[in-house]
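Use the sequences and the hints to build the structure in full.
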Amino acid sequence: MGVDLTPIAFLFSAPFIIVGLYRYRFLHIVPIARDRLIEVMADPMILVDRHGYIVDYNPAAQQLFSISKQSYQPLVNVLPWPALHTVADTLETVRVELNCPAHPDRFFDITIVPVESHDGSPSGRLFVFREITERRRSEQRVKEALQRFTDIIEQTPLVAIQRFDHHGVILEWNRVCEQFYGYTAAEACGRRVQDLILSGHAVTEFEQQIEQIWATGQPVPARKWQVRTKNGEERWLYSAMFPLFSQGQVSDIVCMDVDITDLYRAEENLRRQRDQLDTLYRLTLDWLNRRNGKDLLQAITDSAYRLLNVRYVELLLAEDDRTLAIRACTPLLPTQIESAALAALSWRAFQSRQPEIVLDYTQWPERTPDYEPLNFGPAMTLPIIVGDECLGVIGMARARQEKPFSSDEIQHAVLLTQLAALVLDNANLYSQAQRELAERKQAEEQRAKLQAQLVQAQKMEAIGQLAGGIAHDFNNILTVITGSVELAMLEIDSDHAIYPELEAIRQSAARAGELVRQLLTFARRQPGQPQLVDVNRQINDTMNMMRRLIGEHIQLQLQLDEHIERVMIDPAQLEQVLINLVVNARDAMPNGGELTIRTTSQYFSVNDLPPLRQIQAGKYVLLSVCDTGVGIAEQIRPHIFEPYFTTKPMGQGSGLGLAICDGIVTQHGGFLTVDSQPGYGSCFTVALPAVVTELQQVVNVHTADTTTRMTGHEVVLFVEDDPNVRQLGVRLLREHGYTVLEAKDANEALQLAQQYGDRVQILITDVVLPQTDGLTLARQLQSALPHLHIILMSGYLQRMLADGSTPPYPVLAKPFNRYQLLSLIRQTIDRVA
Numbered sequence: 000m001g002v003d004l005t006p007i008a009f010l011f012s013a014p015f016i017i018v019g020l021y022r023y024r025f026l027h028i029v030p031i032a033r034d035r036l037i038e039v040m041a042d043p044m045i046l047v048d049r050h051g052y053i054v055d056y057n058p059a060a061q062q063l064f065s066i067s068k069q070s071y072q073p074l075v076n077v078l079p080w081p082a083l084h085t086v087a088d089t090l091e092t093v094r095v096e097l098n099c100p101a102h103p104d105r106f107f108d109i110t111i112v113p114v115e116s117h118d119g120s121p122s123g124r125l126f127v128f129r130e131i132t133e134r135r136r137s138e139q140r141v142k143e144a145l146q147r148f149t150d151i152i153e154q155t156p157l158v159a160i161q162r163f164d165h166h167g168v169i170l171e172w173n174r175v176c177e178q179f180y181g182y183t184a185a186e187a188c189g190r191r192v193q194d195l196i197l198s199g200h201a202v203t204e205f206e207q208q209i210e211q212i213w214a215t216g217q218p219v220p221a222r223k224w225q226v227r228t229k230n231g232e233e234r235w236l237y238s239a240m241f242p243l244f245s246q247g248q249v250s251d252i253v254c255m256d257v258d259i260t261d262l263y264r265a266e267e268n269l270r271r272q273r274d275q276l277d278t279l280y281r282l283t284l285d286w287l288n289r290r291n292g293k294d295l296l297q298a299i300t301d302s303a304y305r306l307l308n309v310r311y312v313e314l315l316l317a318e319d320d321r322t323l324a325i326r327a328c329t330p331l332l333p334t335q336i337e338s339a340a341l342a343a344l345s346w347r348a349f350q351s352r353q354p355e356i357v358l359d360y361t362q363w364p365e366r367t368p369d370y371e372p373l374n375f376g377p378a379m380t381l382p383i384i385v386g387d388e389c390l391g392v393i394g395m396a397r398a399r400q401e402k403p404f405s406s407d408e409i410q411h412a413v414l415l416t417q418l419a420a421l422v423l424d425n426a427n428l429y430s431q432a433q434r435e436l437a438e439r440k441q442a443e444e445q446r447a448k449l450q451a452q453l454v455q456a457q458k459m460e461a462i463g464q465l466a467g468g469i470a471h472d473f474n475n476i477l478t479v480i481t482g483s484v485e486l487a488m489l490e491i492d493s494d495h496a497i498y499p500e501l502e503a504i505r506q507s508a509a510r511a512g513e514l515v516r517q518l519l520t521f522a523r524r525q526p527g528q529p530q531l532v533d534v535n536r537q538i539n540d541t542m543n544m545m546r547r548l549i550g551e552h553i554q555l556q557l558q559l560d561e562h563i564e565r566v567m568i569d570p571a572q573l574e575q576v577l578i579n580l581v582v583n584a585r586d587a588m589p590n591g592g593e594l595t596i597r598t599t600s601q602y603f604s605v606n607d608l609p610p611l612r613q614i615q616a617g618k619y620v621l622l623s624v625c626d627t628g629v630g631i632a633e634q635i636r637p638h639i640f641e642p643y644f645t646t647k648p649m650g651q652g653s654g655l656g657l658a659i660c661d662g663i664v665t666q667h668g669g670f671l672t673v674d675s676q677p678g679y680g681s682c683f684t685v686a687l688p689a690v691v692t693e694l695q696q697v698v699n700v701h702t703a704d705t706t707t708r709m710t711g712h713e714v715v716l717f718v719e720d721d722p723n724v725r726q727l728g729v730r731l732l733r734e735h736g737y738t739v740l741e742a743k744d745a746n747e748a749l750q751l752a753q754q755y756g757d758r759v760q761i762l763i764t765d766v767v768l769p770q771t772d773g774l775t776l777a778r779q780l781q782s783a784l785p786h787l788h789i790i791l792m793s794g795y796l797q798r799m800l801a802d803g804s805t806p807p808y809p810v811l812a813k814p815f816n817r818y819q820l821l822s823l824i825r826q827t828i829d830r831v832a
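Just so you know, numbering that gives the first Met the number 0 puts 270 at position 271 of the sequence shown, and the rest follows in order with no gaps.
Read the hints as simulated data drawn from the structure, not as lab findings. Source: prediction; values computed, not measured. Don't take every hint at face value.
Quick list of simulated restraints, FRET-style, between CB atoms [said to hold, decoys possible]:
id : residue 1 : residue 2 : range
1  : D674      : H165      : 24 to 34 Å
2  : Y498      : Q750      : 50 to 60 Å
3  : E443      : I578      : 32 to 42 Å
Virtual Cβ for every residue (Gly too), placed ideally from N, Cα, C.
Here you go:
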């Protein structure tokens, strides 16, 4: 009709526009437009400064709260609203629903947004009020309607009525339900229908019907259900389900049941008589198509049970000349009965190779007293003969009050037993052939798997040698660059023209150092800083971060075993492994899904451990990250731990994530496995050795502590073969008050230590030195000077600790900056002091 809806849309979106403008400090650009927009707003708005004084408000706020025109009034005086002031006392955005003390019957949706000044500091808060009184009244009317519906359900006779939610959790349970199923309303409400009265395939079918109703909003056709009552009785119901709606959406489902157990049993009797006519023909086809031995044996007893109208059938196979064991029976025997129910009669048939029949097993002199409660009457056992060998016996029995076996029934039983003998003989031949093929295939697969793992191990070793070869020299270069830039930056003011360029150089050097550490990590040559870590606590500490990473479209579940042991690992590296696996799981579920983090412990024997891994048998703590995403294709799976291999689009993945995770886990004595099925998801499991006994923790400081004193007056012996690194370190220390003795190798260091003696208080030495190594030098000097403090410097610690042990002294990783060097010196001296 040509109506322009733009002004109306603008008014509805105006509160959010105002909030955004205040939030991002744009109001100073358009003051006239701002004032006009605030004035036409229907929602009351009040702006206060950081001291809580009103600096602005719109007419709607003035009218609602009767704000006087006196300027700069405290908000607490204008709005005596304690609940509002309590939630407003924060620097974060808050949204809350409250009723107004001046108008108790009116409710408001209140948004409180912090406002920042030009320099980013807090300058005040913006309050936006939107009335929701009518919505609250509508909710109350819905509640009253639901109560009326509940009364109807309770008063309906002869029909069992339940109301449940999307997951089948029971919300309403009328008195007829209590009569049908035996559960009171108090016992039923809060439990799922599936868990209470359903079992087997009925659970899956029931859940599918719930999903269909919820998705379509339409009732499903009525059908029959087999249910289980509280006392264990199986009954049949004719059931209809239909949805209830709230605000246009399906809110609950109502189910109405009628008991048809008697009618169903009558139909079953007629069906059983009809089935007996064609059972033998169908049995031949059915049994020959069965390849699973247990399934075949159960099919034989099930078929005999239906064909001969008996109350019990068992099939026993001979394990040797003295042992007959039940391999299948219909129905199942009571749990307290462990031997064959017709044992004596079965042995007679097995030894005579002829059918054995008794008219009343309960009165038979050779009966087993334990089975008298079963009340067997007519009983018959038939041998299963193949050639000259008796494979076993089929036994069957009826209830005591039932008729004996007729001649036709005995003939049918003999024919059925002969057919079973033929099929079992064929099944044995087929099983032997299948076993041979399976063993051959398994051997070939194991050989191929070992070969692939060997190639992968060789590839990672080659990469590790390459990364380790350049790490030491490259980190020395980065140390000089970092230190020189920091010294240059100390000589100029932050507003100097070249200060940004120097900062860029410093940051680039830091990124280069991080890249070297990543290369060493996935090459399994960077030991990190191992500590005793509680894996469950580490997971809980990163929960908030993980929830932000995965988003709201993914459901996160924790299944943490409270009794697992601690592990020895670098906490930061464990967190890196966990976050990498969580991010990969998130990326595998772009449309949402379920992410499960699980911990448990398990003992691994030598045969259970992955081959070609330098790990030991013992107890391991398992950390699993499982998703319901797209899964990993089988042809891709062998390559996922290779560096720079990624399936993500260009620019969205470096290919280092899983390689780094595998390197971290391996260098801490563990292993990483993956189980995945395309279309169903993946499960990555980290296995780390459990620390059963308490170990002394060694803490190595690598990061700067800005609260630590940077200066000192001690005498420092600084040993470094690289002249650039040595000059840089000596200069840094001297500028911060230390007396520095410098040496380029171990011989010079020993001479200086002998010359200065007890005046030398701390030794800072590189690990890699000419003629000897820094660790050996440290031990020699500490034996002569027991008071001497030691700090090791290394760009590649694996050279010093080839066996993977923990370093005995604090380690300063190269490249380092002046804060890291100076803070570690103070922490080492002060901690010991």
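When you take the CB atoms of E443 and I578, is the distance between them in 32 to 42 Å?
-> The hinted range 32 to 42 Å holds for E443 and I578, with Cβ atoms some 39 Å apart.
CB-CB spacing for Q750 and Y498 relative to the 50 to 60 Å hint | violated (42 Å)
D674 paired with H165, Cβ distance criterion 24 to 34 Å | holds (30 Å)
Of the hints listed earlier, the one the structure fails to meet is number 2.
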